[in-house]
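My request is simple: use the sequences and hints to build the entire structure.
Chains as they are written, first to last, in the numbering used here: chain Z, 168 to 790; chain C, 41 to 411.
Just so you know, these hints were derived from the structure itself, not from any lab. No experiment lies behind these values; they were computed from the predicted model shown. Misleading hints may appear alongside valid ones.
[Claimed, not checked] The calculated SDA-like cross-link candidates involving lysine to any residue, where the alpha carbons are at most 20 angstroms apart (straight line), are: (1) Z/Lys-326 / C/Ala-368; (2) Z/Lys-364 / Z/Phe-493; (3) C/Lys-148 / Z/Gln-376.
[To be verified] Taking beta-carbon pairs under 7 angstroms as the criterion, some of the chain Z residues facing chain C (in silico): (4) Leu-327; (5) Glu-330; (6) Gln-376; (7) Val-378; (8) Arg-380; (9) Glu-758; (10) Val-762; (11) Lys-777; (12) Asn-781.
[Unchecked claim] Now the stretches of chain Z that chain C is said to cover, found in silico as 3 or more residues with beta-carbon under 8 angstroms: (13) 364-374; (14) 746-757.
Heads up, the beta-carbon is just placed ideally off N, CA and C, and yes, glycines get one too.
This is what each chain is made of:
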Amino acid sequence: MRRRFAIATICAAWMCWSALWKPAATVNAQLSEVEQEGYASPLEVLLSPDGARLYVLCQDTAQVRVLEAATGQVLQTIPVGRQPRGFSFSPDGRRLFVANSWDDTVTVIDTQSGQVKATWAAGFEPSSVAEDRAEKTLFVADRIGNNVTVLDAATGAEKLTLEAGRGASYLAMAADGSRLYVTHVYPNPTPHRTPPKSEITVIDPGRAQVVDRLLLPNIAGVFHVAISRDGKLGVAAELHPKNLVPLAHVEHGWAFVDTLTVFGADVGRSVEVPLDELDRYYAYSFGVAIAPDKSRIYVTHGGSDCVTVIDTKKMLAYIREHPEPFAEDLSASANYVVGRIAVGKNPRGAALSRDGAKFYVANRLDDTISVIDTRANRVTQTIKLAGPEKVSALRRGEQTFYKAYSFQGQFGCSNCHIDSTFDGLQWDLEPDGFGRDIVDNRLIEDLRGTEPFKWNGGNPTLVKECGIRTEMYFWRSQNYDDRTLTDLVLYIRSLPSRPNRWRAANGVLTPAQERGRAVFYRTIDKLGQPIPQSNQCGYCHSGPKGTSQKSFDVGTGKPTDNSGLLDTPQLMSLALTAPYLHDGSAKSLEEIWTVYNPHDRHGRTNDLTKDELNDLVEYLRTR
Amino acid sequence: MKKAAIVGVLLAVGAMGLAAQTSARPGRKIHADTQTQGVPAMPRFRFENFTTANGLPDDHVFAVLVDGDRVWAGTNNGLAEYENGQWKTYTTADGLAHRAVLSLALDKRTGDVWAGTMGGLSRISAGRIDSYTQLNSGLSNDVVYGVSIEGENVWVATAAGACRLNTRTGEWSLYNERNTPMTEIWAYGVSAAPDKVYYAIWGSGLLEFNQKTGVWDKYDDPDGENEIVLLKDQGLIHEIVTSVSYVDGVVWAATYFGASHYDGRYWHNFLTKDSGLPSNFINFIKGVDRNRAWFCTDKGLAYYDGTNWAVYRPALDIGKPEMMVRDAQARVTQIPVETAPAHNYVLGIDFQGRDLWVATAKGLSHGVYQP
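So this is what it looks like as structure tokens:
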């Protein structure tokens, strides 16, 4: 009955490990270069219940700024945690909750005094927060945790976690408090080379349980969700990628459609509705709001620097009269889009005044708030937030990153690198035929010292990766000028690695992680045989970032690949970036060795037991 | 050698059990009259049975789980959900790890259901199914006989030992002959609580994990692997433990050779010869509290209230519904009943208020409590 699993592993000797080990505390203490520049980077806005004050969540200065809504005058500045991503009021408006994504906390602010009353732990990468109507329970969407952490709203004590979609990020509470809707920015796992799927997770706040999951086929990247005051109409802003066909097919719709999922009793089901036009795209739909009388829906487009205005009645009529699917019918939007309003750079979160007369938009990358008169559908005021007057090279680079730079403004860097990370998709990038050279998208944090780029290692520098290659294969548009490209590269190189949630703050490994580390560095297999250097983990995955920066054939190539040689990927934040291998065929870290290493070419691993493989995985997740 | 002996005896006992199904047990005096005066008042049920004829995907039901008004049945051909009088079946096409669902557990906090199958472990959460296998996760083996939830941990009994999934961190911890006292790794059942976790190990006794200290302990049959009980109440009744239920600080353990009750200090064992158990071959056990438990045997469903016993089953000979009550004086009285569980080969049980749901080899039964 004793069953041992012949399994796999990487291994090897990495003699200088201890010298290269960087404790998590050190990493956590670092400020990214972007944060150091002092731009406010307003990400979200909220109006106080009486409409008098405008609360602005400033991402890079880690603040909540309280403004007089009428004048834009700053009333208070409240420091919060690192990289705040979402905030909301308690139902009575007395408390403001802020989700601090890099501190894994929620800041509780007394809105009367503007004082921070508490800071509570809240899962892995809190991204938004909502309190139930009874003010007993706080729900926090955790992007890395892929779940919703449920806290006691009085004490902050964690009660439980609820499984949400991958990259759980945004919340919307129904006005009557009966349902909480959760979206997620990375697609849920699906079989290799099948269309992505996402969901809107529906929680009963009273029971603190998931009661439904609205399926969103073909969707990867869902952002804000809004519910009408009567609770009968829901709208979520999202990306509809076309990652299964080669990116060469510009004339066939190319890479993305920007859509909304519309759901609720007014619709009777979930329907995907396009926002783009035949020759113009409205990229990176992010913020969404429904007018109090449901007459209009407003959507911010982070890549197109504008707001779309939808006539709800016309949209619902179109849905009723047209058989689905029509998500990729770009002629549809002309039937219900009644306005496109230019705003600032990278518009993100937005809020409607209680009477629906004004729509406030946070323009993250020019530190402004656009105030739209919804009757006139035009910006009537632009509130400038305090910060550096000069636009730095880094800031310009970030603006380029988030701009839909491609032909017809269809997409930009941030479409595939959501919030400067990745998208969880595998793409057919190059014009080499359907299904050839499929590549998994990679995280772009902390890239210094990981050159070359591309899975075939074909681009020695970021300048080539982001310049010639991108212009040729992605943008189908004009080239970057030298300064723009330099700024973009500067920005990408500045992206830090996020805190590692699987590594203790003091850097001490758990027993399982220690055992896994020993497996990683071993030079002799369990049969007592020396492991050839080239088959030791640390040989290819060497250096502080886990890459020798060289290409190898480790037997993971597919018949559809153009080359057997693959660039050695870095190992940082490995736990976040499933699926694995160059084409994303390994659904989990385990599958790299249990499925895709039958001949021990990707490290000597088939002598390992299942316990030992688990230890190795635990260690790798600390990288 | 040792293992072969156990299997041999087991096969022999199983064969005897099959033979016994066709005839009433000799040597036991049964009062077949309908006079129930003086007979202990044991719970009575009207059994409504479900098979493929009325919505189940398969008659072979390995496990049953009650979640409020909803009932889940783990069958040989999918996971069935019963709600508002309708059956819905989840299959591998929906993401279930395997069609044969052997065990079920409810995370009472989240409402998620965990299903142990012949091909991995699945979580069913508001219709979404995520499956963990020995290839795509840290799960020790795809044959999952038992699952139990405690806090954020999912404890799993597999054909290659025990394991624990921390749902917060995603970490899998494996427990087997290398890091616990288990000498065999065929984990058949698990029952987890905040203080202790118990594993039923087929051929290796009862394993206890102390959540506070992180230390494993083991309880063995003091008779060793003898199939003759020499020391009845001095320890676990047998090494082949098939199911365990830890409730109110008391362990109820089922084996293929009787049942055990352990309160942390004293053992009390149950055998057919000196209790109301209809068979020593017990597939599943579920404690109600320190004193009461249900026993799922190959010869019917049994209930023990701390003093008296009741057995519910189709008669082994002619299949007529029967209920028998055994009092403290070992007097057995047959109670006239009109319904019985779908089959006498009982594999699982769960409670819905005072009602029962019973998994059998030939259907699922709803025991509606009769006041």
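Okay, the hints, checked on the actual structure:
For the proposed pair Z/Lys-326 and C/Ala-368, the alpha carbon gap of about 45 angstroms is over 20 angstroms, so the pair is violated. Simply put, Z/Lys-364 and Z/Phe-493 have alpha-carbon atoms about 17 angstroms apart, close enough for the 20 angstroms limit, and the pair holds. The straight-line distance between the Cα atoms of C/Lys-148 and Z/Gln-376 is roughly 10 angstroms, inside the 20 angstroms bound, and the hint therefore holds. A hinted interface residue such as Z/Leu-327 counts as satisfied when its beta carbon comes closer than 7 angstroms to some beta carbon of chain C; here the least separation is about 4 angstroms, so the hint holds.
A least Cβ separation of about 5 angstroms between Z/Glu-330 and chain C falls short of the 7 angstroms threshold, and the interface hint therefore holds. Taking 7 angstroms as the C-beta cut-off, the interface hint given for Z/Gln-376 holds, the closest approach to chain C being about 4 angstroms. Residue-level restraint check for Z/Val-378 holds (minimum Cβ-Cβ distance to chain C is 6 angstroms; threshold 7 angstroms). Annotation: interface hint on Z/Arg-380 holds; nearest CB of chain C at approximately 5 angstroms, less than 7 angstroms.
At its closest, the beta carbon of Z/Glu-758 sits 5 angstroms from a beta carbon of chain C; the interface hint therefore holds under the 7 angstroms criterion. The interface hint given for Z/Val-762 holds, since its Cβ lies 6 angstroms from the closest Cβ of chain C, which is under the 7 angstroms cut-off. Residue-level restraint check for Z/Lys-777 holds (minimum Cβ-Cβ distance to chain C is 6 angstroms; threshold 7 angstroms). Contact between Z/Asn-781 and chain C, as hinted, is supported at the beta carbon level, the nearest pair being about 4 angstroms apart and thus within 7 angstroms.
Coverage of the region 364-374 of chain Z by chain C holds [criterion: at least 3 residues with CB-CB distance below 8 angstroms; count 4]. For the region 746-757 of chain Z, the assignment as covered by chain C holds, since 3 residues bring a beta-carbon within under 8 angstroms of that chain's beta-carbons and 3 suffice.
This entry does not satisfy hint 1, going by the numbered hints stated previously; all others are met.
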